[in-house]
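Chemist: Using the working numbering, read the sequence shown as starting at 126 and increasing by one per residue.
Just so you know, these hints were derived from the structure itself, not from any lab. Computed from a predicted structure; not experimentally measured. One or more of the hints may lead you astray.
[Said to hold, decoys possible] Label-pair distances were calculated between CB atoms; the ranges are:
#1 Pro421 - Asn329: 38 to 46 Å
#2 Arg232 - Met126: 17 to 25 Å
#3 Leu210 - Gly184: 42 to 50 Å
#4 Ala383 - Arg457: 19 to 27 Å
#5 Arg222 - Arg301: 14 to 22 Å
#6 Val416 - Ala482: 27 to 35 Å
[Said to hold, decoys possible] List time: in silico DSS-like cross-link candidates among lysine-lysine, alpha-carbon distance up to 27 Å:
#7 Lys291 - Lys278
#8 Lys285 - Lys197
#9 Lys278 - Lys197
#10 Lys291 - Lys197
Where a beta carbon is used, it is the ideal one built from N, C-alpha and C, also for glycine.
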Amino acid sequence: MHVVIVDGDVSYPPSSGKRLRTLHLMLRLAERHRIAYIARAHNGAGEIHQAAAFLRDHGIEPILLDDPLPHKNGLGFYARLAGNLLSPLPYSAASHRSRRMRDALQRYAAEHAVDLWQFEWTPYVGTLGANRETRRLLIAHNVDSLIWQRYHKNERHILKRFYIHKQWRKFERFERRVFAEVDHIVAVSSEDANLLRRQFAVENLDVIENGVDTAYFENVRGGGKAGVILFLGSLDWRPNLDAVRLLLDDIFPVVRQAEPAARLCLVGRNPPDWLLQRVAQAPNVDLHSNVPDVRPYLAESGVMAVPLRIGGGSRLKILEALACRLPVVSTRIGAEGLNLQPDRDLIVVERVEDMAAALIESIRSPERVRRMADQARELVRENYDWAILAAKLERVWERCVHSEKRKRREGEACVSSN
Numbered sequence: 126m127h128v129v130i131v132d133g134d135v136s137y138p139p140s141s142g143k144r145l146r147t148l149h150l151m152l153r154l155a156e157r158h159r160i161a162y163i164a165r166a167h168n169g170a171g172e173i174h175q176a177a178a179f180l181r182d183h184g185i186e187p188i189l190l191d192d193p194l195p196h197k198n199g200l201g202f203y204a205r206l207a208g209n210l211l212s213p214l215p216y217s218a219a220s221h222r223s224r225r226m227r228d229a230l231q232r233y234a235a236e237h238a239v240d241l242w243q244f245e246w247t248p249y250v251g252t253l254g255a256n257r258e259t260r261r262l263l264i265a266h267n268v269d270s271l272i273w274q275r276y277h278k279n280e281r282h283i284l285k286r287f288y289i290h291k292q293w294r295k296f297e298r299f300e301r302r303v304f305a306e307v308d309h310i311v312a313v314s315s316e317d318a319n320l321l322r323r324q325f326a327v328e329n330l331d332v333i334e335n336g337v338d339t340a341y342f343e344n345v346r347g348g349g350k351a352g353v354i355l356f357l358g359s360l361d362w363r364p365n366l367d368a369v370r371l372l373l374d375d376i377f378p379v380v381r382q383a384e385p386a387a388r389l390c391l392v393g394r395n396p397p398d399w400l401l402q403r404v405a406q407a408p409n410v411d412l413h414s415n416v417p418d419v420r421p422y423l424a425e426s427g428v429m430a431v432p433l434r435i436g437g438g439s440r441l442k443i444l445e446a447l448a449c450r451l452p453v454v455s456t457r458i459g460a461e462g463l464n465l466q467p468d469r470d471l472i473v474v475e476r477v478e479d480m481a482a483a484l485i486e487s488i489r490s491p492e493r494v495r496r497m498a499d500q501a502r503e504l505v506r507e508n509y510d511w512a513i514l515a516a517k518l519e520r521v522w523e524r525c526v527h528s529e530k531r532k533r534r535e536g537e538a539c540v541s542s543n
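Given only the sequences and the hints, what does the whole structure look like? Please build it.
Modeler: Written out as structure tokens, the structure reads:
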């Protein structure tokens, strides 16, 4: 099959959960299919050159556009936020509208016979225009309206709450329209799939979970230092920043009061300035940004903390931790979307307020949580390896393409009979 994958963010280097998923599935399917990858680059020529070389080496045709998003700071940013009050589109979708992406997609469609277009985010579905000759598949890494609903639930500032409520409702309307435009949707969890069916009446739907490269973590053994608490995740994503604030403000001070030698290790890409300043003043807190390899931090930590109260989809970082037998303490929202059982595979707390006590217990009684992680590692290896998930996606591709070809044959038969 000839498949075009359309992305709003270049997936190499794989420095976030979304990048990891897109890249690993694409690499495995490129071994058997012709794949073109049209993506929007935000970090200049260096990123484009590095990613293009890597993709070509793996048999993928890269079309990477130097088209950065508007900056999220300064007076211009706040002016765009204010102006968005008058727009029917949510700000995130409006900021991703790109003439260069639209022109690149429509030019490729005019020059190539494509079996399937796969979109990695809702704002890019419309860039293909009115071309309906091939099937459109959407990967729903998250249900964005659910994330904004959770932002709204947890926001206390009255003006921010008003603005977030507007964004939440805009995303509901926007997603409803886009979901109706595509031919098929892949959700990353059963929870998201149920929401898509219930709230958006989506029928053509499959679930392909997030995964992990189990071979990459094969020789890594987590739990090296019981007193080290690891937070791993992109530090330019609002749900993760909310979780980090909770760790710094509420959770880790309680842990350190009970266990003075405990340390908090934050690992992720693109931390904002306020976080750099905060960590510089916080005792027993370390920040490692844009690291080339997360495995040393997984090996040296005693437990991973996932205090998320905002989010959707599922957390690849939990799978990475369990793939190398690192115990995990998570909120219910942090652990949702994964076929893991609380108190068997990981510790799950219902309230963020309970996170500190669970982390203290994991430091004082490490053997219990290590046994859980050992048990969970086998489950992850058997169910969440990227090779298994790529085979699932390939079957979805085949059904999408074959159903379109069957529809065309039936249409041609009707024409000829008339």
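Chemist: Taking the hints in turn, state whether each one holds.
Modeler: Status of each hint after checking the structure:
1. Pro421 - Asn329: 38 to 46 Å: holds (43 Å)
2. Arg232 - Met126: 17 to 25 Å: Check passed, 21 Å falls within 17 to 25 Å.
3. Leu210 - Gly184: 42 to 50 Å: holds (46 Å)
4. Ala383 - Arg457: 19 to 27 Å: At roughly 23 Å between Cβ atoms, arginine 457 and alanine 383 fall inside 19 to 27 Å, so the hint holds.
5. Arg222 - Arg301: 14 to 22 Å: holds (18 Å)
6. Val416 - Ala482: 27 to 35 Å: Cβ of valine 416 to Cβ of alanine 482: about 30 Å, so the range 27 to 35 Å holds.
7. Lys291 - Lys278: holds (13 Å)
8. Lys285 - Lys197: holds (16 Å)
9. Lys278 - Lys197: holds (23 Å)
10. Lys291 - Lys197: Between lysine 291 and lysine 197 the Cα gap is close to 19 Å, so the pair holds against 27 Å.
Hint compliance for this structure: every hint is met.
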